[in-house]
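K.L.:
Residue numbers (my numbering), protein chains in the order written: chain R, 1 to 238; chain P, 1 to 238.
Please note that the accuracy of each hint is not assured.
For chains that are exact copies, the list does not tell them apart, and a pair is met inside one copy or across any two.
Said to hold, decoys possible - Subject to a maximum C-alpha distance of 20 Å in a straight line, what follows is the list of computed SDA-like cross-link-like pairs (lysine to any residue): (1) K143 / P197; (2) K126 / E108; (3) K126 / P234; (4) K49 / D26; (5) K130 / S118; (6) K130 / R44; (7) K2 / G83; (8) K130 / L120; (9) K49 / A63; (10) K143 / E107; (11) K143 / T88; (12) K143 / S119; (13) K87 / R158; (14) K130 / S119; (15) K87 / Q53; (16) K62 / S90; (17) K49 / Y147; (18) K143 / A80; (19) K62 / D127; (20) K49 / R156; (21) K49 / L152; (22) K2 / Y233; (23) K143 / S90; (24) K211 / V106.
Because the hints were derived from the structure by calculation, they are not lab data.
There are 2 protein chains.
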Amino acid sequence: MKYELYYWPGIQGRGEFVRLALEQADAAYVDVARGKNGEAKLMRVLEDKAIAQPGYAPPLLKAGSLHLAQTANILFFLGARHGLAPKTESGRLWTNQLQLTIADLVEEVHGTHHPIASSLYYEDQKDEAKRAATAFVRERIPKYLGYFERVLARNRGRQGVLVGSRLTYADLSLFQVVDGLRYAFPHAMRRAEKETPRVVALHDVVRRQPKIAAYLASTRRMPRSENGLFRRYPELDA
Amino acid sequence: MKYELYYWPGIQGRGEFVRLALEQADAAYVDVARGKNGEAKLMRVLEDKAIAQPGYAPPLLKAGSLHLAQTANILFFLGARHGLAPKTESGRLWTNQLQLTIADLVEEVHGTHHPIASSLYYEDQKDEAKRAATAFVRERIPKYLGYFERVLARNRGRQGVLVGSRLTYADLSLFQVVDGLRYAFPHAMRRAEKETPRVVALHDVVRRQPKIAAYLASTRRMPRSENGLFRRYPELDA
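Extracted from the complex, chain R is given alone in its bound form:
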């Protein structure tokens, strides 16, 4: 069985958290919307009335007869199947909790360039974005990264990962967030990273995983752009 991933073509977006897990797991998957008639296929699945358990929005993952949506939910599933989460219930809950906190951070990143409405262009909410990004850069980046730094410091697994002593999907996701924040807010991140050496080190650990390194060097990894989640608008990076 090949997994089928459905996500908006052309951007990393939230789909990238799923891609990183699939790549690290060396799982067979098709990135459907990047293929021929990709967007039409994505829309067809979103609107398919035969799916009893429809997703609200991409990313969607088809795994045999299962249709899954919501990034953290898909990762919860993949983590258990592919050894990217602990086997114990408490370990799975802790990994899920970290992933949900990453999801909150990601939502706030989106809010820096779309504070008013997702349906409006950036250009139509630029002034508001500037105010939102100022607060985000000053208050939220240090608070979130400081939290993950504390989690890393308190983990007795001592392998520099978030959960226990083995890599989980939460590590992959934190890598993606650091990577994205560096792209979107290079100045702010230069300051913030000084206070969070463990977070920086984890980013490097993930980047050097053989499967991840191969993925990042491939054309499967899309370039960042100002259509994605993490956007480089210099006016938002004080």
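Based on the hints, put chain P in the right spot on chain R.
P.N.:
Coordinates of chain P only, in the frame set by chain R:
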């Protein structure tokens, strides 16, 4: 063992989704921050360096030696323990997926009165809030409620609930959202509810559950206010 719930005192907020599950389960719990020195106790847990797996933000649930955070994660745990979710992995994932979609909606509700920053007063982002709420009311309420209406229509369990034929924590959460939206956006909801009779019926089903009805009539249920998640600012309800 009594559960200990930690949430900001004085408001329903995100803690209410956990309270509703605890009440429906008839679980023994202490709502710690509502007791004496409540806020100090909450802050102490948030800052406790002895907790190896700290939460980023309330709600927090202490269950024996487990410290859990993130609303959907706490509910995932409680759902399994108290029969408020299916026993199968696929059923648990589907319930979780619905809960995460509810969480996204809740986050957007928060964004209608705090589009720029959580750290600023409403009064300092009132103009932006008006723009954000206009889009939310016009586009997002119908889209989200329409989604849950579809989920209810496609559920072959035919008991009017979201998942299978038994009540889950996702039903309790959707009740809370409908209730909150009615408080915050009475005009918009009057229009939206005409298109979503199944969602309205589910709200009534939950409201009439004996444990929930008793809870809602008790002083444990806090009144809504303009300090909470769902706020009635007439200027935001076109």
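K.L.:
Does each hint hold? Answer for all of them.
P.N.:
For each hint, the structure was consulted:
1. Proximity of K143 to P197 under the C-alpha cut-off of 20 Å is restricted to the intra-copy arrangement: shortest distance 14 Å within a copy versus 42 Å between copies.
2. In this homomeric assembly, K126 and E108 come within 20 Å of each other (Cα to Cα) both inside a single copy, at 16 Å, and across copies, at 19 Å.
3. For the identical chains of this complex, K126 and P234 are intra-copy neighbours only, at 12 Å inside a copy versus 26 Å across copies, given an alpha-carbon limit of 20 Å.
4. Proximity of K49 and D26 under a CA criterion of 20 Å is satisfied in neither setting, with 32 Å inside one chain copy and 37 Å between copies.
5. Taking identical chains as interchangeable, the C-alpha atoms of K130 and S118 lie at most 20 Å apart whether they share a chain (16 Å) or sit on different chains (15 Å).
6. Neither within a single protomer nor between protomers do K130 and R44 lie at most 20 Å apart by alpha-carbon distance, with minima of 37 Å and 35 Å respectively.
7. In the homo-oligomer, the alpha carbons of K2 and G83 lie at most 20 Å apart inside one protomer (18 Å), although the nearest pairing across protomers, at 33 Å, exceeds that limit.
8. Taking the closest pair of Cα atoms, K130 and L120 come within 20 Å of each other both inside a single copy (15 Å) and across two copies (14 Å).
9. Within a single copy, K49 and A63 get their C-alpha atoms as close as 18 Å, which meets the 20 Å cut-off; across copies the closest is 40 Å, which misses it.
10. When the C-alpha separation of K143 and E107 is checked against a cutoff of 20 Å, the pair qualifies both within a copy, at 15 Å, and between copies, at 19 Å.
11. In this assembly of identical chains, K143 and T88 lie within 20 Å of each other by CA distance neither inside one copy nor across copies; the values are 29 Å within and 37 Å between.
12. Taking the shortest alpha-carbon separations for K143 and S119, only the inter-copy value of 12 Å comes in at or below 20 Å, while the best intra-copy value is 29 Å.
13. Proximity of K87 and R158 under a CA criterion of 20 Å is satisfied intra-copy only: 19 Å inside one chain copy versus 34 Å between copies.
14. Both within a single protomer and between protomers do K130 and S119 lie at most 20 Å apart by alpha-carbon distance, with minima of 18 Å and 15 Å respectively.
15. Proximity of K87 and Q53 under a CA criterion of 20 Å is satisfied inter-copy only: 17 Å between copies versus 26 Å inside one chain copy.
16. For the identical chains of this complex, K62 and S90 are inter-copy neighbours only, at 13 Å across copies versus 26 Å inside a copy, given an alpha-carbon limit of 20 Å.
17. Taking identical chains as interchangeable, the C-alpha atoms of K49 and Y147 lie at most 20 Å apart only when they sit on different chains, with a minimum of 12 Å there against 42 Å within one chain.
18. Taking the shortest alpha-carbon separations for K143 and A80, neither the intra-copy value of 29 Å nor the inter-copy value of 32 Å comes in at or below 20 Å.
19. When the C-alpha separation of K62 and D127 is checked against a cutoff of 20 Å, the pair qualifies neither within a copy, at 40 Å, nor between copies, at 42 Å.
20. Taking CA atoms no more than 20 Å apart as the test, K49 paired with R156 passes between copies only; the shortest distance there is 13 Å, against 48 Å inside one copy.
21. When the C-alpha separation of K49 and L152 is checked against a cutoff of 20 Å, the pair qualifies only between copies, where the shortest distance is 13 Å, while the shortest distance within a copy is 44 Å.
22. Taking CA atoms no more than 20 Å apart as the test, K2 paired with Y233 passes in neither setting, with 38 Å inside one copy and 50 Å between copies.
23. In this assembly of identical chains, K143 and S90 lie within 20 Å of each other by CA distance neither inside one copy nor across copies; the values are 25 Å within and 35 Å between.
24. Taking identical chains as interchangeable, the C-alpha atoms of K211 and V106 are never at most 20 Å apart, the minima being 24 Å within one chain and 37 Å between chains.
Checked against the numbered hints given earlier, this structure breaks hints 4, 6, 11, 18, 19, 22, 23, 24; the rest are met.
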